[in-house]
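Start from the sequences and build out the full structure, keeping to the hints where you can.
Top line first, the protein sequences correspond to chains E and C. Going by my numbering, the first sequence opens with residue 1, and the numbers climb by one from there. Going by my numbering, the second sequence opens with residue 1, and the numbers climb by one from there.
A hint or two may mislead.
As the list claims (entries may be wrong) - Taking lysine-lysine and the PhoX-like style, the derived pairs with C-alpha atoms no more than 20 Å apart in a straight line are:
1. LYS144/E to LYS99/E
2. LYS129/C to LYS99/C
3. LYS163/E to LYS146/E
4. LYS163/C to LYS203/E
5. LYS198/C to LYS269/E
6. LYS41/C to LYS269/E
7. LYS82/C to LYS144/C
8. LYS147/E to LYS129/E
9. LYS269/C to LYS203/E
10. LYS203/E to LYS276/C
11. LYS82/C to LYS147/C
12. LYS276/E to LYS198/C
13. LYS269/E to LYS121/C
14. LYS147/C to LYS41/C
15. LYS269/C to LYS166/E
16. LYS146/E to LYS166/E
17. LYS20/E to LYS203/E
18. LYS163/E to LYS276/E
19. LYS81/E to LYS146/E
20. LYS121/E to LYS276/C
21. LYS198/E to LYS276/C
22. LYS163/E to LYS166/C
23. LYS203/C to LYS276/E
24. LYS122/E to LYS144/C
25. LYS198/E to LYS269/C
26. LYS166/E to LYS121/C
27. LYS276/E to LYS121/C
28. LYS147/E to LYS82/E
29. LYS166/C to LYS203/E
30. LYS198/E to LYS166/C
31. LYS144/C to LYS121/E
32. LYS269/E to LYS203/C
33. LYS144/E to LYS40/E
For the record, the hints were derived by calculation from the structure and aren't laboratory data.
There are 2 protein chains.
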Amino acid sequence: MIITVVGLGVIGGSYVQALKGLGHQVYGVDCDEETLSLAKKDGCIIEGFTDGHEIIARSDLTIICLYPSLVLDFITHHTFKKGSIVTDVVGIKSYFLEKALACIDPDVEYVSGHPMAGREKKGYAYASKEVFRNANYIVIEHAKNKKESIEFMCQFVSQLGFKSVKIMSPYDHDEIISFTSQLPHTIAVALINSDDQKYDTGKYIGDSFRDLTRIANINAELWSELFLNNRDYLLASMIRFEEQFDQLKQALLNDDDNALKEMFLESSKRRENLEK
Amino acid sequence: MIITVVGLGVIGGSYVQALKGLGHQVYGVDCDEETLSLAKKDGCIIEGFTDGHEIIARSDLTIICLYPSLVLDFITHHTFKKGSIVTDVVGIKSYFLEKALACIDPDVEYVSGHPMAGREKKGYAYASKEVFRNANYIVIEHAKNKKESIEFMCQFVSQLGFKSVKIMSPYDHDEIISFTSQLPHTIAVALINSDDQKYDTGKYIGDSFRDLTRIANINAELWSELFLNNRDYLLASMIRFEEQFDQLKQALLNDDDNALKEMFLESSKRRENLEK
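Here's what the structure looks like:
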């Protein structure tokens, strides 16, 4: 099978590394020649291209690991092999799929996907098949998908080290992701921005503050696009969070030891069972 | 110097391990005999005691690594060597120090401390000198402290691997800790408790959700005590967080791309500079 990965950053780079040794003919497309030659030297791609037109037209599977707007641009300006499968790694799906399906050749099978993995740092240097190890993957099924294409994608990503592969509609995906990914990002941003900077904060933190603010270092362009295009679900998740946060505040205001403990016992139980 | 560490859990155990090879005579007190014999086998303590009375009376420095109420109990029921230094690792200081100073012999120098380090798991098995590596330490200075005792503590903990040692009043400590430690805990609890559990959440999370909820698994007794005894500072921190969270919500409601991006640029800058 000829597979081309477009964009060899952390995610695309991790794809080519995870694909190594699985028996496919893997190619890479990237605007950076150095990245391509590194991936070739690593034995992860047969050849790299800064212009993908020729290889894309021959690929059975194209994995586009670019930012949302660049994916649409890429789809619009490239001709895919008839009957081939094209996938992406975009973080929200409803608004994006609508646009992608409007511009892609109907003879191509577009199976959107979401590897719930990443690194803080950008670029091929931080890519590794370890990025996918034990991570979750969501295969997005839309009305025009063939059953066998969805089955193929599930089987395909299962070889790459993901511990769970789930199939979801774009709407369900966007709903759960508003809670598990977007809400944590809003929280991290609000937390670090709420520092009144009276003290030299970095000298008075432990791992809890480090962990809760790691994702406050956020790509402004990308995440404002992701947030605004998933606004209703995200707002609903934010409101549910606010309700719980307010319950804690009320318990403090009322000196209500028992109410606090109940909430802590509930949160502990939920956290313990989270990945069971 | 004779040093006795009381309570060989993650923190106390890390103290005895970090003290190994620094030339002190280190003893341990713990209610668990197995823990004591492990620490002795590791070469971290000369001897372990389940009854600390005899060794405490001979120690130049006593490091009490117990929960707040147990520290008070220990202080009340033990006689320390005149002129010796006693310290603790309790997470908040104003209310606690008041009680501790009321029951300790005035001829003993009580220098409260806060190693901002820990592990998710409990017990000596998870102790390691790595726990302190690159962590922050706060030495608490109160009105009755001698200057040389504060200086001694700063120098003493500096040998243990901490990257920063700061001196603070109990009030300043409790104010900054309400933001850097307690607020993150309220957030983690509220986040996981706000899950409506419509989906099998654990299958749709990435590291952001894992990181932000890790501390939602929380010791209910301990943290309700810490929260309620630092209520005013914690509430002030919670309110500042809510204001920022609400700003994000308003930007979403108003479809205000620029406002979102500004907040993301600010949070990114703050996170990048946090430990510089």
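* Out of the numbered hints, which ones does the structure contradict? -> The structure breaks hints 2, 3, 6, 8, 14, 15, 17, 22, 24, 26, 31, 33; every other hint is satisfied.
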